[in-house]
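Input sequences plus hints: build the corresponding full structure.
Protein chains: 2
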Amino acid sequence: MRILVLGGDGYLGWPTALHLSRRGHDVGIVDNFARRSYDFEMGVDSLVPIQNLQRRVRTWEEVSGLEMTTYVGDLTDAPFVDGVLRDFQPDTVVHFAEQRSAPYSMIDQKHAVYTQVNNVVGTLNLLYAIADVDPSIHLVKLGTMGEYGTPNIDIEEGFIEITHRGRTDVLPYPKQPGSFYHLSKVHDSANIMFACRIWGLASTDLNQGIVYGQETEETALHPDLATRFDYDSVFGTVLNRFCVQAVVGHPVTVYGSGGQIRGMLDIRDTLACVELACTNPAEAGEFRVFNQFTESFSVSELAGMVVDAYPGRVEVENLEDPRVEKQEHYYRAAHTKLLDLGLVPHLLNRTTISSLLAVADRHRDRVDVTAVRPTVQWRSTASALATSGSPTTSKPSNIGVSKA
Amino acid sequence: MRILVLGGDGYLGWPTALHLSRRGHDVGIVDNFARRSYDFEMGVDSLVPIQNLQRRVRTWEEVSGLEMTTYVGDLTDAPFVDGVLRDFQPDTVVHFAEQRSAPYSMIDQKHAVYTQVNNVVGTLNLLYAIADVDPSIHLVKLGTMGEYGTPNIDIEEGFIEITHRGRTDVLPYPKQPGSFYHLSKVHDSANIMFACRIWGLASTDLNQGIVYGQETEETALHPDLATRFDYDSVFGTVLNRFCVQAVVGHPVTVYGSGGQIRGMLDIRDTLACVELACTNPAEAGEFRVFNQFTESFSVSELAGMVVDAYPGRVEVENLEDPRVEKQEHYYRAAHTKLLDLGLVPHLLNRTTISSLLAVADRHRDRVDVTAVRPTVQWRSTASALATSGSPTTSKPSNIGVSKA
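Sequence lines, in order, name chains V and X.
So the first sequence is residues 347 to 750, counted in our numbering.
So the second sequence is residues 347 to 750, counted in our numbering.
Quick caveat, the hints were computed from the structure, so don't treat them as lab data.
Among these hints, one or two may not hold up.
To be verified - Derived lysine to aspartate or glutamate pairs resembling EDC-like cross-links, with alpha carbons at most 16 Å apart: (1) K456(V) x E387(V); (2) K672(X) x D515(V); (3) K456(X) x D423(V); (4) K683(X) x E632(X); (5) K683(V) x E641(V); (6) K683(X) x D428(X); (7) K683(X) x E502(X); (8) K456(V) x D423(X); (9) K456(X) x D478(V); (10) K456(X) x E632(V); (11) K456(V) x D428(X); (12) K683(V) x E503(V); (13) K672(V) x D515(X); (14) K683(V) x D478(V); (15) K456(V) x D478(X); (16) K456(X) x E387(X); (17) K683(X) x E641(X); (18) K683(V) x E632(V).
Said to hold, decoys possible - Quick partial rundown of chain V residues pointing at chain X, CB under 7 Å, derived from the structure: (19) A458; (20) D478; (21) D500; (22) L529.
Keep in mind that this is a model prediction, so the values were computed, not measured.
All C-beta atoms, glycine included, are put in the ideal place defined by N, C-alpha and C.
Given below as structure tokens:
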């Protein structure tokens with residue numbers, strides 16, 4: 347199968363590309379390196395050193411004997427998207443290529459507008475290009491469980507049967523996204539559903555939970571193949587960040603009461619889920635939604651697991667929640683469709699956390715502790731990005747403050 | 347009350363501004379004349395001649411003694427939006443300033459992207475500006491009944507109580523919009539709801555039906571005060587278009603079977619509804635939705651009413667439906683909230699249609715019959731805009747084909 351991975355230089359895109367390559371697929375990678383530029387903007391860096399894309403691909407070829415094609419460009423450039431599809435002729439497009447941080451989207455007006463335009467226009471261009479070049483191309487799109495928010499009823503996989511005043515219909519599941527980033531994914535989902543309806547496109551929307559982990563079977567083959575590992579308050583996901591905090595002796599920072607429950611999954615399961623979606627494609631005209639997570643945890647539970655697993659002492663610090671979200675709520679979400687396709691999950695346990703702690707420990711010298719404290723406030727329309735110097739000092743340097 | 351009307355030079359924005367002015371409010375108008383530029387792009391024009399904004403405002407002052415402030419600029423220009431709010435200091439912002447044609451959004455990739463970026467970014471900038479300048483400003487936003495699509499259950503006003511697996515919640519009503527334009531309004535609604543939640547903004551989302559009519563009490567006071575009247579297949583709404591077709595001896599063009607049912611309202615009721623929303627504002631943090639229509643009709647029923655009301659003979663021509671939509675479907679939508687606030691509807695009757703026919707007849711010399719046939723096909727990713735010459739001839743001239 348010919349699979350094009352958009353955003354194939356990113357945290358999940360890169361290991362997904364490797365995984366699909368090793369599983370025998372012809373893989374192409376598209377990236378504009380936006381994720382690397384966010385690091386420059388914020389003055390942070392992946393905890394684990396990563397190589398540039400060209401070297402990654404070269405090393406993969408040396409290690410595995412497998413080639414991958416790369417395309418450098420931006421999905422908001424419609425002729426570029428069209429050209430890449432015509433050149434690579436994929437059977438499947440896996441679309442990771444979006445700004446994927448909720449706090450980043452909430453920095454200020456410019457970052458909100460950038461996030462929505464970048465994500466929505468990129469996906470619109472992709473839909474048009476697929477319809478024009480080859481409508482049989484299966485679009486596997488990364489969405490997020492955060493599109494649903496935390497309703498007081500069970501979350502289903504994309505659609506819900508509603509009986510109302512004696513009549514029944516199956517309708518798109520109502521969404522209550524919690525940031526301008528999450529909203530961009532909701533917009534995407536609605537646009538894609540419509541494109542499937544009018545043009546007969548085939549798409550799978552993967553509403554993914556929060557991913558943890560850094561190593562996969564393929565990235566472990568050579569240090570050059572490592573994927574990024576973010577621990578800062580803007581791009582770092584919760585469990586990764588907790589492990590880094592533990593290792594450097596910083597308190598594990600829980601937002602609010604920590605009662606927020608989220609679906610989560612191991613990075614290796616992301617790879618398996620994406621491959622299952624690719625090899626079991628949606629039909630022409632079908633827009634299907636898989637909830638891509640394996641277990642649910644509250645933030646407090648996660649903090650507790652890190653405290654238990656770490657050999658040293660770890661403090662838990664409950665910070666005022668920078669987000670606007672329910673801290674105590676009902677949460678039960680269906681996630682059977684990927685299991686039905688054969689997913690065998692890696693569940694979160696002490697071993698997983700210990701291996702994450704080991705990754706963090708190996709690179710502890712690279713940790714900038716100022717980057718782990720939340721700086722982006724949902725209630726504010728303009729937050730300063732405080733890095734490279736403690737945000738609590740009156741130091742005039744503000745190179746981390748975004749003027750983008 | 348100080349009310350800023352965004353898109354105050356448009357079909358509904360202009361008569362709304364006049365109405366609010368005459369009702370004693372201090373009115374400001376913001377427009378970038380995008381609507382007039384679409385006419386140039388497509389080579390069409392309002393059936394009823396309209397004056398430029400400056401002359402309109404001057405004539406209004408002469409006729410009524412009432413002044414209005416005007417601001418020329420674009421909502422996608424964030425500093426402009428911020429500056430206008432700081433200068434005018436409105437209590438209420440009425441937001442009509444979006445690309446509002448479904449066919450226009452479906453012309454091709456560029457028009458789809460333009461529509462979504464223009465509408466979503468303009469509204470995002472407005473939300474940030476309100477939050478920054480004065481979060482107590484009430485945002486009255488024009489949405490559309492088309493956001494809901496045609497579900498097989500009753501449509502409620504924005505939210506629906508769902509009981510699912512023994513639990514109950516009130517959630518945003520599931521949307522099934524039918525064009526990239528309608529999708530842009532759904533995106534807006536979701537963004538606004540979120541802004542109300544995080545910043546405590548107050549907003550009313552008016553999900554408006556299809557508007558018919560051209561004359562209001564205020565526009566009738568002087569020919570310079572006329573609002574536009576569109577009959578072309580891209581911007582003309584269904585009943586207005588039917589009346590023009592009847593008058594020029596063109597068959598009334600029904601798409602498909604004509605069983606499509608839509609909520610509709612008289613232009614005078616639009617004005618009344620907007621004023622009711624302004625004078626009965628949402629509370630801080632409240633996002634409320636009013637379904638703004640008064641009656642539902644199928645397209646066939648509307649065609650039949652025009653046939654009955656026109657003194658001459660009118661043919662009905664069922665064209666292949668250029669849209670992707672259900673032609674026969676259940677349709678029942680709640681619309682009690684504006685009635686509860688005191689709306690007294692103008693219902694559609696023979697007199698209304700006769701007055702529309704009279705408007706069309708008065709300006710029959712200005713009709714370009716080539717503009718009334720649908721040229722934008724939902725199933726195609728690129729439709730040529732055929733005007734200024736019959737699209738069925740092989741004439742090489744294609745000045746109407748958009749390269750925008």
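Give me the numbers of the hints this structure contradicts, sorted from smallest to largest.
Result: hints 6, 10, 14 break, sorted rising.
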